[in-house]
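With the sequences and hints as input, model every part of the structure.
Line by line, the protein sequences are chains A and B.
For reference, each letter of the first sequence is one residue, going 1 to 310 in the working numbering.
For reference, each letter of the second sequence is one residue, going 311 to 748 in the working numbering.
Simulated from the structure, these hints should not be mistaken for laboratory data.
We put the beta carbon where it would ideally sit given N, CA and C, even for glycine.
Among the hints, a few may not be true.
[To be verified] Simulated restraints on C-beta separations:
#1 A/67 <-> B/351: 55 to 65 Å
#2 B/555 <-> A/66: 29 to 39 Å
#3 A/67 <-> B/737: 13 to 23 Å
#4 A/34 <-> B/406: 23 to 33 Å
[Claimed, not checked] Just so you have them, the derived chain B footprint on chain A, three or more residues with Cβ under 8 Å:
#5 42-53
#6 136-147
Residues per chain are reported as follows:
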Amino acid sequence: MSTTATTTLPRIRGEVSYWAYLVPGGALFLAIIVLPFVMNIYFSLTRWPGLGDPTFIGLENYVRLFQDEVFWTSFRNSIAMIVAMVVVPTLLGLLLAAVLFDYIGKKFSGSVSSGLRAVYYLPQILPVTVVGILWSWILNPQTGALNVVLRSLGLDGMALNWLGSTDTALPSVMAVMVWVQVGYPVVIFMSALQRVDPELYEAAELDGAGWFTRFRAITLPQIKPETFVVTLTCTIAALKVFGPIYVLTRGGPENSTNVPSYFAYQNFFPKSQVGYGAAIATVLTVIVLLVAAIFMVLQARSERKEAEGR
Amino acid sequence: MRTTPTRLAALTGAVALAAGLTACSGSDDGGGGDGGTADATSLKLWHYESPNGAMGIAWAEAIKVFEEEHPGVTIEFEEKSFEQIQQTAGMILSSDEGPDIMEYNKGNATTGLLSSQGLLTDITAVADERGWTDMLSPSLATTAQYDESGVMGSGNWFGIPNYGEFVTVYYNKAMFEDAGLEVPTSLDEMVEVMDTFVAEGVTPLGMAGAEYPAGQLFYQLTLSQVDRQWITDYQMFTGPVDWQGPELTFGAETFAEWVDAGYVASDSASLKAEDMGVAFINGTYPMMVSGSWWYGRLVDEIDGFEWGVFNFPGNTFNAGSSGNLWVVPTNSKAPELAYDFIDITMRPEIQAILGNNGGLPVAADPADITDAKSQELITAFNEVLENDGLAFYPDWPVPGFYDVIVNSVQKLINGSAEPATVLDELGAAYDQGVANAG
Numbered sequence: 001m002s003t004t005a006t007t008t009l010p011r012i013r014g015e016v017s018y019w020a021y022l023v024p025g026g027a028l029f030l031a032i033i034v035l036p037f038v039m040n041i042y043f044s045l046t047r048w049p050g051l052g053d054p055t056f057i058g059l060e061n062y063v064r065l066f067q068d069e070v071f072w073t074s075f076r077n078s079i080a081m082i083v084a085m086v087v088v089p090t091l092l093g094l095l096l097a098a099v100l101f102d103y104i105g106k107k108f109s110g111s112v113s114s115g116l117r118a119v120y121y122l123p124q125i126l127p128v129t130v131v132g133i134l135w136s137w138i139l140n141p142q143t144g145a146l147n148v149v150l151r152s153l154g155l156d157g158m159a160l161n162w163l164g165s166t167d168t169a170l171p172s173v174m175a176v177m178v179w180v181q182v183g184y185p186v187v188i189f190m191s192a193l194q195r196v197d198p199e200l201y202e203a204a205e206l207d208g209a210g211w212f213t214r215f216r217a218i219t220l221p222q223i224k225p226e227t228f229v230v231t232l233t234c235t236i237a238a239l240k241v242f243g244p245i246y247v248l249t250r251g252g253p254e255n256s257t258n259v260p261s262y263f264a265y266q267n268f269f270p271k272s273q274v275g276y277g278a279a280i281a282t283v284l285t286v287i288v289l290l291v292a293a294i295f296m297v298l299q300a301r302s303e304r305k306e307a308e309g310r
Numbered sequence: 311m312r313t314t315p316t317r318l319a320a321l322t323g324a325v326a327l328a329a330g331l332t333a334c335s336g337s338d339d340g341g342g343g344d345g346g347t348a349d350a351t352s353l354k355l356w357h358y359e360s361p362n363g364a365m366g367i368a369w370a371e372a373i374k375v376f377e378e379e380h381p382g383v384t385i386e387f388e389e390k391s392f393e394q395i396q397q398t399a400g401m402i403l404s405s406d407e408g409p410d411i412m413e414y415n416k417g418n419a420t421t422g423l424l425s426s427q428g429l430l431t432d433i434t435a436v437a438d439e440r441g442w443t444d445m446l447s448p449s450l451a452t453t454a455q456y457d458e459s460g461v462m463g464s465g466n467w468f469g470i471p472n473y474g475e476f477v478t479v480y481y482n483k484a485m486f487e488d489a490g491l492e493v494p495t496s497l498d499e500m501v502e503v504m505d506t507f508v509a510e511g512v513t514p515l516g517m518a519g520a521e522y523p524a525g526q527l528f529y530q531l532t533l534s535q536v537d538r539q540w541i542t543d544y545q546m547f548t549g550p551v552d553w554q555g556p557e558l559t560f561g562a563e564t565f566a567e568w569v570d571a572g573y574v575a576s577d578s579a580s581l582k583a584e585d586m587g588v589a590f591i592n593g594t595y596p597m598m599v600s601g602s603w604w605y606g607r608l609v610d611e612i613d614g615f616e617w618g619v620f621n622f623p624g625n626t627f628n629a630g631s632s633g634n635l636w637v638v639p640t641n642s643k644a645p646e647l648a649y650d651f652i653d654i655t656m657r658p659e660i661q662a663i664l665g666n667n668g669g670l671p672v673a674a675d676p677a678d679i680t681d682a683k684s685q686e687l688i689t690a691f692n693e694v695l696e697n698d699g700l701a702f703y704p705d706w707p708v709p710g711f712y713d714v715i716v717n718s719v720q721k722l723i724n725g726s727a728e729p730a731t732v733l734d735e736l737g738a739a740y741d742q743g744v745a746n747a748g
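Put into structure tokens, the structure is as follows:
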């Protein structure tokens with residue numbers, strides 16, 4: 001979206017023309033974000049099957065929402081999704097990026113580490129439907145590759161009903177999400193590591209700092225901005241996750257893997273309860289905005305602290 | 311975070327298509343009738359059957375016949391997907407971009423909803439005049455008629471079905487022969503057959519708990535205990551449904567017993583209909599209780615063993631209904647041409663094509679059905695029709711009941727809740743849906 005026009009218009013006209021540049025973006029923002037958002041809030045205050053005229057019912061949908069067991073389950077599952085799509089991939093990604101950059105990249109060659117990086121990133125490129133179908137084959141309790149392998153090793157007791165039992169469905173979905181997600185932080189962190197001034201490491205090494213000390217004292221603080229970006233974007237993605245749930249489990253068994261987006265979808269389309277679906281979507285949006293705001297405040301605070309520290 | 315590109319592309323494509331094909335702006339009197347038909351030179355037709363399926367083949371022929379009989383009129387056929395129509399029909403039909411005739415999903419939440427919103431033409435008079443109403447048996451006609459609030463079963467005609475569908479039992483003849491078994495004719499015999507297979511270490515019934523098959527088996531079992539009035543009450547809200555009554559209790563308890571006895575695999579809660587079908591095709595299970603929609607695929611894909619169908623043993627009533635409907639949108643620019651087209655699809659020769667390709671025609675002359683395999687299925691279907699035995703589907707009465715049924719029956723498969731608890735849950739969702747519909 002950024003324009004790199006270097007016009008030399010007179011100063012006064014220049015200020016006006018900046019606004020002109022914002023018009024297309026502003027119009028799109030209005031039409032694609034603001035208008036649907038406002039409409040969604042309006043629909044959430046109505047009962048509406050998707051056709052005809054909505055009936056205004058005030059906050060009834062929200063009252064029903066907060067009493068709905070499935071709604072609370074779906075938000076508990078959101079937390080599980082944050083673990084699977086943010087916490088674990090970020091930590092794992094950090095470790096992998098550091099190993100690839102510091103060890104593989106130096107001991108072997110740059111092409112080995114970038115080859116490995118591409119492999120970690122591969123699940124991100126695959127369309128989510130492909131990922132979902134692939135994993136539901138692998139995890140099929142009767143004929144899936146995982147259970148076939150386990151049984152052939154004589155580990156029949158470990159061949160569980162992965163996506164079918166309420167005990168294992170959520171952990172299985174989480175494991176798949178870690179696999180999908182881990183490539184993203186790896187790529188971001190590796191490019192971040194390239195940005196870090198090597199002199200810092202050399203100086204620390206001369207002072208006798210070991211690998212872990214250097215990692216903690218130099219790497220982590222230096223790549224903080226990237227860490228914020230990764231955790232923020234992944235958290236939002238985790239709160240909105242839909243595709244993998246739709247393809248893998250349809251929120252089942254017994255709603256044990258339902259998430260807010262899928263729950264909203266179920267009400268919007270199959271149940272034709274647009275008002276209720278809109279209420280779920282509104283609550284989800286509010287939570288996403290809150291989380292984003294908290295992140296931004298934290299990031300700004302940490303940047304300010306750093307600036308003061310110098 | 312990542313939307314699937316294919317879906318997005320399909321959507322954009324559909325929008326572009328709809329926008330690009332804004333044909334002549336005919337009369338907008340909206341009252342159906344014959345406004346604008348006289349000078350119409352095209353009939354915009356949408357359906358979503360695959361071109362090599364029974365309906366696709368029969369309708370392609372119907373299009374050819376139509377164009378021969380209407381020189382100067384061309385049919386602009388656009389192939390749509392089920393999902394596309396299911397999710398966007400309301401919006402499209404309230405715009406000017408819609409078709410003049412289209413295939414649409416039967417049921418309260420689809421044709422019922424749209425008819426109650428005035429988006430579909432009431433074709434009662436035409437259907438009487440052209441004799442369509444006489445061709446359809448009562449349980450087929452149920453899904454073509456909707457009352458003012460969009461509930462099927464009574465009121466005016468808003469669509470015409472060309473074909474039917476029903477739930478039956480597919481069985482692997484080779485496995486039956488190896489085990490020395492005969493086709494069961496009662497539920498007790500069915501249990502004996504299944505016991506024999508279990509004793510041999512074979513799970514007798516294919517199952518898929520994450521989709522419709524589990525709910526349909528539960529419904530089939532319930533139907534073994536009911537009369538027509540019960541079905542009418544359940545589907546059309548003509549009377550209260552007792553969720554702890556003997557019928558549904560039998561359905562839920564028997565289902566749970568079948569899981570306990572190993573007739574149904576206890577690890578099938580996450581399996582999809584596709585998994586079940588593929589397992590049957592591979593010869594893993596000797597039986598599968600499912601719909602006639604599998605038939606064509608099984609004919610194509612099973613080799614290596616003989617297979618056949620028998621109706622659910624002992625049942626007078628079986629899940630099933632008319633197929634999807636031809637509907638004429640209120641905004642149709644050529645309603646008379648649309649009626650002519652529907653009339654052609656109901657002719658014996660077109661119905662015979664449908665029947666000889668694995669479909670279930672509603673108005674075919676049995677003598678025209680020459681394909682032996684198709685005859686078998688049509689015979690089974692006619693057996694159900696003779697009893698007026700189509701009982702529709704368990705999830706039809708209230709919107710969104712499908713998800714509730716899937717979730718609840720998964721509990722029966724996983725053994726995580728008692729049948730009575732499961733029925734309570736289903737009953738609560740059903741009652742809430744009925745209250746909303748009223």
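To see whether the hints hold, each was checked on the structure:
Restraint check, residue 67 of chain A to residue 351 of chain B: a C-beta distance of roughly 57 Å satisfies the suggested window 55 to 65 Å. Between residue 555 of chain B and residue 66 of chain A the Cβ separation comes to about 33 Å, which falls inside the hinted range of 29 to 39 Å. At about 18 Å, the beta-carbon gap between residue 67 of chain A and residue 737 of chain B stays in the expected band of 13 to 23 Å. Take residue 34 of chain A and residue 406 of chain B: their Cβ atoms lie about 28 Å apart, and the range 23 to 33 Å holds.
A stretch counts as covered by a chain when three or more of its residues have a beta carbon under 8 Å from one of that chain; for the segment 42-53 of chain A and chain B the count is 4, and the coverage holds. Residues of the segment 136-147 of chain A lying with their CB closer than 8 Å to a CB of chain B number 6, which satisfies the three-residue condition for coverage.
The earlier numbered hints are all upheld by this structure, with none contradicted.
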